[in-house]
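A.B. asks: Once you have looked at the hints, place chain B on chain A.
Listed in order, the protein sequences are those of chains A and B. Heads up, the first sequence is in the numbering used here, so the first residue is 157 and it goes up one at a time. Heads up, the second sequence is in the numbering used here, so the first residue is 74 and it goes up one at a time.
No lab work stands behind these hints, which were simulated from the structure alone. If a hint is listed, it holds; no wrong ones were tucked in.
Where chain A lies over chain B, by a calculated footprint (3+ residues, C-beta under 8 Å):
(1) 99-108
(2) 134-141
(3) 175-186
(4) 189-196
Below 30 Å or equal to it, Euclidean Cα-Cα: the simulated DSBU-like pairs (lysine-lysine) are:
(5) A:353 - A:298
(6) A:298 - B:226
(7) B:226 - A:353
(8) A:207 - A:229
(9) A:168 - A:299
(10) B:226 - A:299
(11) A:229 - A:274
(12) A:433 - A:353
(13) A:298 - A:168
(14) B:226 - A:433
(15) A:207 - A:274
(16) B:226 - A:168
(17) A:274 - A:210
(18) A:353 - A:299
These figures come from a predicted structure and were not determined experimentally. Even for Gly, the Cβ is constructed at its ideal location relative to N, Cα and C.
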Amino acid sequence: MMKSYAKTILAKPWRWLLPVLSFFVVLGLTRLDAPLYHQPIVQVTAVHTGKAQKQVDNFDNHDVTHRQQVQAKFLNTARRGQVITLSNTYSGSGALDTPLRRGDQVFVERQAGRYQLKDEKRDGAVLGLLAATVWLMALVMKKRVWLTFGSILANAGLLLVTLHVETTSNQKLAYALFSLMAVLFTVVTTVFIAGIKRQAAVIAVATLGATALSLALGYGLFAATGYRDLHIEAVEYVTQVPQLLFFVQIMIGSLGAVLDESNDIAVAVMQLPAGFKRRFQAGMAIGRNVMGPLIAVLFMIFMADTFTESILWLRNDNAISQTFIWVMGLGFAQALISAFGIVLAVPLTSLLAAWPKKVQA
Amino acid sequence: MNTFEALLLALLVLMVAVGGRQGVSNFLAVMINFLLMMLAVILMAGGFNPIGVAAVLGLVVLATTIFLSTRDSDVAQTAFVAALLVMLGMLLVIGIGVRYAHVAGFGTEDSEALEGYNLLIGVSFPHILIATALFSTLGAIAEAAVAVAAGMKTLGAAAAPAGLTQMAAEIIGTALNTLFFGFFGGFAGLFLWFTQLRYPFWQVLNNQIFARELIEVLFSMIAVTLTVPFTMWIVQRRQGGRS
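Okay, chain A solo, but in the shape it has when bound (with noise of 0.2 Å):
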């Protein structure tokens, strides 16, 4: 019966082509969008490259510059059709260039009147990704792509809500909107998951909890330990206090690991037969084999997000240590306040799952 479910998933190989040219058809389309746009953007039609100026720093950084001669040409606004020569100058490591090249499309900006290059266009890339990503998971997933979609739009636009209530209005109340966000997230995820059913108030109660859980012992350790050398004012992206931002990106950063594993025990633990004990064993196994990767799955994404900015820090001759506490110490204890929701949601979980309340066949 396995073989049938391999058989399913390999036959036909040419459909796995498909999310391929899903990305390349999106970003062949994007690039006839710009009558959309009312920002001018211009198609590179010529690149003349200048020599390599080498650069070294005070920190011995060896690195190079070179001065690009762009011709473009108006992909809309009234300007259409006509030809404007740019300039662009980039370095070897990009911080925050890039070479042009023929056939790129970029944003340009009027300033004292000539046009100056203001930003790439990146909307091929993202579309294209996500038109592949769409591919490949209705091939794996079949009919039940649908409910994770409708589950992650149904949250997008939860949050968009909340973002724009929560911009609107007085801010005491701030941190009591996000947690609301959280538990609709949290309810209107495992409804898509679960349907309206027991299985579904199990994983939303346990996730919940586990999550406040975790949170009052996070802060009660900060406060324990005087927030020391823990920066909460690095937040990056600062437009209201930084204690709020780490707070919100702690409590939503969280929740969809712990409800992630809520899941995966409480859906092998309901398919098994009656049984309080035994099923209360399988869930706390099978919670056991999925929190340490689950732990690892956000520990990677929060450590690696941080990755470019530790780069330059150490190249700017910081100590290893200055750029650990500055740089990566809020992704660190992110990731380790998420480890606490996703280690007490498997007691919790099993717990819930295994209430021998309703027996199923």
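C.D. replies: What follows is chain B alone, placed relative to chain A:
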């Protein structure tokens, strides 16, 4: 004791309470992964090619995560083989994605954080991005591989084919929640920034930081989606070889 030490200690206590001996090895896995990430940063900053560093240390991350978190060696071996193959495939996917996306380095919203730094550091930011993206998919690959291998073993011979298809869809569907919420969680500040400064939709879609983060999530989703059928296929092959 600083806050990080306190958090680590609490995690150790929780893991031992819930997982017993396995909890200890899970904790060990977290510590080893942490040291590997630090090592990766130091090597990349020290001038080693970031992609090479990611490929070599990525293999160790997968081995650590899978073998130290799973007591069942059958499950672990299957999961490791599948994860390793998917990782190699992802290197290709990420390479192509990064080539077209122009999202390496920093965005305009980062400029405050970059003040006073020399940016001409002689390390390729596109290569760092490839390494970052690869590392951030590894946890998801390992998790999905272990979930499938363990799930198939738990269900055993009682599993109906429909149950397996359902399991595949559920593992992918819920892994997406981890990634999706992790994405929201990591960048809540950025989303508030966009909302507060009223970025129009087109500007968000083309924004360097948003595009990069979304692309990284999509890489992880692709990785998970590939891992599930791949692991099932390997479980089936291993069973076929034994009987």
